[in-house]
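**Student:** Chain by chain, the residues:
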Amino acid sequence: MAAADAHQWSILNRLKSHLFRHRGRIAAGFLAVLLTNLFLLAAPRVTGYAVDSLKEPGARETLPYYALAIIGLALCEGVFRFSMRRLIIGVSRQIEYELRADLFQHLETLPMSFYQRNKTGDLMSRVTNDLSNVRMLFGPGIMYTANTIVVTVFAVVLMLKINWQLTLLALLPLPVVSLSVRHFGKRIHDLTEESQSRLADLSARVQESMAGIRVVKAFVQERYEIDEFDRLNRSLVAKNRELIRAQSVFYPTMELMIGFAVVIVIWVGGRQVVQGTISLGDFVAFTVYLARLTWPMIALGWVVNLLERGRASMERLNHIFDTIPDVKDEPQVVADFEVEGSIEFRNLNFAYNGAPTLRNISLAIPKGKTVAIVGATGSGKSTLVQLIPRLYNAPPNSLFIDGVPIERIPIGVLRRAIGFIPQDTFLFGETIRENIAFGVELANDAEIQRAAEISHIDADVQAFPNKYQTLVGERGITLSGGQKQRTAISRAVIRDPKILILDDALSSVDTYTEEQILHELKQVMRNRTSILISHRVSTVKEADEIVVLDKGEIVECGTHAELLARDGYYAELHRRQLLEEELAVSE
Amino acid sequence: MQEEEVLGKAYDSRLMRRLITYLRPYKRYVALALVLILFESSLEVTFPWLTKIAIDRYIRTANMAGLAAIAVVYIILLLVRFVCASAETYVLQNTGQKIMYDMRTQVFRHLHTLAPSFYDHNPVGRLITRVITDVDVLNELFSAGIVSIFGDIFTLLGIMIAILVLNWQLGLVTLSVVPLIAITTAVFRWKARDSYRRVRIAIAKINAFLQEHITGMAVVQLYNRERKSARKFDEINTGHLVANLDGILAYAWFYPAIELLSSVATALIIWYGGGKVIQGALTLGALVAFMQYSNRFFQPIADMSEKYNILQSAMASSERLFTLIDTPATIVNPPDAIKPARSARGEIEFRNVWFAYKDEDWVLRDVSFHAQPGESIAIVGHTGAGKTTTTSLLTRFYDIQKGEILLDGVNIAKLDLDYLRSSFAVVLQDVFLFSGTIESNIRLGSPIPRERVTGAAENVNLALFLRSLPLGLEHPVNERGTTLSVGQRQLLAFARALAHDPHILILDEATSSVDTETELQIRKAIDRLMEGRTSIIIAHRLSTIQRCDKIIVMHKGRVREIGTHQQLLARRGIYYKLYQLQYKDQEVAVPGD
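Sequence lines, in order, name chains A and B.
Going by my numbering, the first residue of the first sequence is number 1, and it counts up by one from there.
Going by my numbering, the first residue of the second sequence is number 588, and it counts up by one from there.
Bound-form chain A, shown alone (with noise of 0.2 Å):
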């Protein structure tokens, strides 16, 4: 039990050096929560004094002196839990922001492999909810642990010292406070998990619903998108049900239970003044104390729920901590390699999630020249391109950049001399000028302008109200697919690459502007090193060497009027082509 509880509490250890770097201001904190409750718990018996003091003659005088005290007393009190609170939420918050910059800096050394395991909104959750309840667990966690220790034990001992028997019996309800804090907080946490996701489901249907309008209006299916709203809104409202139920118990159990013990006190503790037992003063202290007892109760079950969720969230966080890169530097790299631009795959063979994706691929592509691949979908082009820059590993002495391993150049120095635009064009919600700098340290209007202008975007960049101002996204306009992919082209122009990689990144670029684009490139990609993934023979058609994939192998290689000649599958989708060229009316 003890092994095992240690291990559960191993999950932690990765708080340790932050909780150490923060040793002052965490020490501090406690000694603050030693203090407050010192001054705190004093107070309750000089009430008492003050009241037993009534009996006595020349009591006038000395009632002041009580009054004052019981002032001071809060005012002492007040700056110590001034100080407890900004000390210790204090850390927490800074120790929040240390780790969620750890896990974002880390995220950023994952690989692509990382991110199709997990979803966005399993990462998102971690990174926001996991964070959240981890801090809780060492700010208020912590805090109000050390504070129920300390009042308990000072106001126990204060209690005791009044009568033992009269302390026994008025705490004897207390524990049920915590018990039930511990097992209703539980309880309602967790339903509310389960409304919280039923009312997201909810909101996930009015999005669809929403977007979806003219599908829905089209075929006439408002009817049926009300019912089956109607059936998640009800659905909700029964899982909100549950949850009213237990609430609706839990805050008057506490007071019940808190009741019986200030009722235990005015019976038994009424019996012993009578008696004579204890002072009339001894009897107000008593029930301040009891009074001073109940949050700490009340605190007990809610941090031990607290620590239990912080530390099943360390757990979850801990998985992504604990992910190593598989593509990073290894300890042979080259440190002092740089990119000519001549690619060669040597009889690589590569499986992805188990499933050989290419097989037995040998290809060499000289500096600056320009090669073309085209396959079906699910062929193996984009996965074979991908190795290029290390978004996948590929198997040791298979992949060569001018001649050396790619697994020996630093993979930095590799990623800045491609150039590549991937199939699913991603812009981020900031100005078309910041997507377009994206990957260089400083740009000025011109070279941004440029690299605009050699993707055909500037004509449409010029037309929005604020230029390359503009941003993108939710926020500012939303671009065609054609301008997106257009966008992304300047993004990888502008870093002057020796290698450019177009991944089907022309398939929403019209055929015309397609040809002017490609045009444009072959001016600039001269004596650089050029690879295009595509479906039309059109975008092809002027590479020095044309590479047909099928099922991850290589069928055809040569130029176009080569391919022609042999007659295979690509003269075959030339031919269809021919037949179904689209008619160029949008532009």
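In short, the hints are calculated from the structure, not lab data.
Built from N, CA and C at the ideal position, the CB exists for glycine as well.
Accuracy of the hints is not assured; some may be wrong.
As the list claims (entries may be wrong) - In silico contact screen, one side only, chain A against chain B (beta carbon under 8 Å); selected entries:
{"id": "1", "residue": "Q105"}
{"id": "2", "residue": "Q207"}
{"id": "3", "residue": "D230"}
{"id": "4", "residue": "R241"}
{"id": "5", "residue": "R245"}
{"id": "6", "residue": "F260"}
{"id": "7", "residue": "F426"}
{"id": "8", "residue": "Y569"}
Unchecked claim - Simulated pairs of lysine to any residue, SDA-like, Cα-Cα distance not exceeding 25 Å:
{"id": "9", "chain 1": "B", "residue 1": "K792", "chain 2": "A", "residue 2": "G121"}
{"id": "10", "chain 1": "B", "residue 1": "K685", "chain 2": "A", "residue 2": "Q207"}
{"id": "11", "chain 1": "B", "residue 1": "K945", "chain 2": "B", "residue 2": "S704"}
{"id": "12", "chain 1": "B", "residue 1": "K792", "chain 2": "A", "residue 2": "Q207"}
{"id": "13", "chain 1": "A", "residue 1": "K239", "chain 2": "A", "residue 2": "N129"}
{"id": "14", "chain 1": "B", "residue 1": "K815", "chain 2": "A", "residue 2": "Q207"}
{"id": "15", "chain 1": "B", "residue 1": "K1143", "chain 2": "B", "residue 2": "Q988"}
{"id": "16", "chain 1": "B", "residue 1": "K926", "chain 2": "A", "residue 2": "G121"}
{"id": "17", "chain 1": "B", "residue 1": "K1001", "chain 2": "B", "residue 2": "Y985"}
{"id": "18", "chain 1": "B", "residue 1": "K1001", "chain 2": "B", "residue 2": "S1022"}
{"id": "19", "chain 1": "B", "residue 1": "K815", "chain 2": "A", "residue 2": "R93"}
{"id": "20", "chain 1": "B", "residue 1": "K1143", "chain 2": "A", "residue 2": "F464"}
{"id": "21", "chain 1": "A", "residue 1": "K239", "chain 2": "B", "residue 2": "L981"}
{"id": "22", "chain 1": "B", "residue 1": "K819", "chain 2": "A", "residue 2": "R93"}
As the list claims (entries may be wrong) - Pair by pair, the computed Cβ-Cβ distance ranges are:
{"id": "23", "chain 1": "B", "residue 1": "Q899", "chain 2": "A", "residue 2": "F464", "range": "31 to 41 Å"}
{"id": "24", "chain 1": "B", "residue 1": "H957", "chain 2": "A", "residue 2": "P356", "range": "53 to 63 Å"}
{"id": "25", "chain 1": "A", "residue 1": "N444", "chain 2": "B", "residue 2": "P915", "range": "24 to 34 Å"}
{"id": "26", "chain 1": "B", "residue 1": "S1055", "chain 2": "A", "residue 2": "F464", "range": "42 to 52 Å"}
{"id": "27", "chain 1": "A", "residue 1": "Q165", "chain 2": "B", "residue 2": "P766", "range": "40 to 50 Å"}
{"id": "28", "chain 1": "A", "residue 1": "K522", "chain 2": "B", "residue 2": "Y1163", "range": "45 to 55 Å"}
{"id": "29", "chain 1": "B", "residue 1": "Q886", "chain 2": "A", "residue 2": "S197", "range": "30 to 40 Å"}
{"id": "30", "chain 1": "A", "residue 1": "V268", "chain 2": "B", "residue 2": "Q886", "range": "26 to 36 Å"}
{"id": "31", "chain 1": "A", "residue 1": "Q196", "chain 2": "B", "residue 2": "P766", "range": "32 to 42 Å"}
{"id": "32", "chain 1": "A", "residue 1": "K467", "chain 2": "B", "residue 2": "D1017", "range": "25 to 35 Å"}
{"id": "33", "chain 1": "A", "residue 1": "E447", "chain 2": "B", "residue 2": "Q1153", "range": "43 to 53 Å"}
{"id": "34", "chain 1": "B", "residue 1": "K614", "chain 2": "A", "residue 2": "Y65", "range": "54 to 64 Å"}
{"id": "35", "chain 1": "B", "residue 1": "D1017", "chain 2": "A", "residue 2": "Q196", "range": "23 to 33 Å"}
{"id": "36", "chain 1": "A", "residue 1": "S197", "chain 2": "B", "residue 2": "A916", "range": "42 to 52 Å"}
Since the structure of chain A is provided, determine the placement of chain B on it from the hints.
**Tutor:** Below, chain B without anything else, positioned relative to chain A:
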């Protein structure tokens, strides 16, 4: 987001009167809760009084039997309070839930009566906030605000009366701290609310940043942005830290301040009250009761100040909600709607149609054309020529300003709206998928038997793909459709249209390129869809255009040319030029042959 942050006044009688109407169906529950709350408050005031009686009547006179009796009474009242408090919470919260249910249903139903033009101006996120968040804010008003504020007022009044009855001079002296407690609490609320708002904004920023960077992590890494992004994140993270530290400050001084004020009350009671005890003007029991009462001021004051926040948010939320509910539905079923017994034959006519989305910015100018049942029409033209608008008008997504649109010779504005829309199947360029399964996306909410769903999938060449999936038709689909390729989504949309077996097809052909295999399947599926139906197609592919009976060339909102492919080529007009462009493209590709 800023819009949601704006808070106005805390009370607006016009809004409040309207909000109260939502309570009306549940007025009996509300009345019950009110009675329970008043009962609870009076018990709250009774307990210190019992302590006074115990001390003065029984402890000081050594009456053990009396002491036992008062203890028993105390216990009974505790139990009564327990029952009252539980019942009150349950009744009130439950009523709140019922009202929330009603409101959400009302708003959601209303949203579905609004025309698409409303959705053009209101982003989805904002509408979700109305249905979910704003309604939730009002829940607090109903379950914790309107009714329970009476409890707080009553408790506070009860305590005041009790201490004034016990001894009015000491009572007034003790009450002197109440305004101070109220001011302190108000200042704290104000500070805390301010920092809370800043924290919320900071959290929203953190979440937005993380969401974006986790989604775009590949780009961050490919473009060596790790360090720069970490620096940027640090700024946001620091902002959050600072906002929180300010919030801690507000809490850190508030509790000690309240503690101090309540100590001042105790000190006053001991000083002034103690003097009165010595004079014999006050009993010891009353002195103790005074101390207990003075500790009970704080809770109701804190509760009431919180209610100010609740009221303020509720006013802002209800204002927004009512504005939405009051938005009139512009496109509704006409009075005496014509609902033909038979389904539509599919004859369509545009007769001198003029249309503008706004004022007199005409998007369509004097558009006229005619389609016989079963005929297929291709609409071609540049972006902004009015192609999509033309198709949206057919299903009355928008109403026209001048002219007439006829379905089987009847003006569509006079037709039953459901009848009209059921006559069409619309396939849009961006296929919208609902989360669910492939089957649920084909069927939507319509009562279509399984065989017809399967048949439709078969007919549009989706079957081959379905067979490759372990779950087939049950294959899960998420809203963004990320599990399906662009081509598959197209085919699915075709299956949806086919399963609904409409008499008229509206198709906005997708422009994005797919691989040749899929392209071929899509072409075949379109053929199948057009069979025996009147079809209006916004076409981008030559192959599609050539297969249509009639081609309408639109330019800047006008119909410029109508005819068959051959006729239009012979005219050497706009269509000829468009075709030339295509022809030229093909020539470029030929030399390798």
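**Student:** Go through the hint on Q105/A and say holds or violated, using the shortest Cβ distance to chain B against 8 Å.
**Tutor:** holds (5 Å)
**Student:** Between K1001/B and Y985/B, is the straight-line Cα distance small enough, at 25 Å or below?
**Tutor:** Judged against 25 Å, a Cα distance of about 14 Å means the pair holds.
**Student:** Going straight from one Cα to the other, do K685/B and Q207/A come out at no more than 25 Å?
**Tutor:** Holds. K685/B to Q207/A sits at ~23 Å (cutoff 25 Å).
**Student:** Can the suggested window of 40 to 50 Å be confirmed for the beta-carbon pair Q165/A and P766/B?
**Tutor:** With Cβ atoms ~43 Å apart, the hint holds.
**Student:** Tell me if F426/A is really an interface residue toward chain B, meaning its C-beta lies closer than 8 Å to one of theirs.
**Tutor:** holds (4 Å)
**Student:** Would you check whether F260/A satisfies its interface hint, that is, whether its CB is within less than 8 Å of any CB in chain B?
**Tutor:** At about 7 Å, which falls below the 8 Å cut-off, the nearest Cβ of chain B leaves the hint on F260/A intact, so it holds.
**Student:** Honestly, do K522/A and Y1163/B meet the 45 to 55 Å range at C-beta?
**Tutor:** The hinted range 45 to 55 Å is violated for K522/A and Y1163/B, with Cβ atoms some 32 Å apart.
**Student:** Starting from the hint 42 to 52 Å, judge whether the C-beta atoms of S1055/B and F464/A obey it.
**Tutor:** holds (44 Å)
**Student:** Confirm or reject the claim that E447/A and Q1153/B have a C-beta distance inside 43 to 53 Å.
**Tutor:** Once the Cβ atoms are compared, 51 Å apart, the range 43 to 53 Å for Q1153/B and E447/A holds.
**Student:** Between H957/B and P356/A, does the C-beta distance stay in 53 to 63 Å?
**Tutor:** At roughly 58 Å between Cβ atoms, P356/A and H957/B fall inside 53 to 63 Å, so the hint holds.
**Student:** Would the stated hint for D230/A survive a check requiring a Cβ distance to chain B of less than 8 Å?
**Tutor:** holds (7 Å)
**Student:** With a cut-off of 25 Å on the C-alpha distance, tell me whether K815/B and R93/A pass.
**Tutor:** holds (24 Å)
Comparing the model with each numbered hint stated earlier shows that hints 8, 14, 16, 18, 21, 25, 28 and 36 do not hold.
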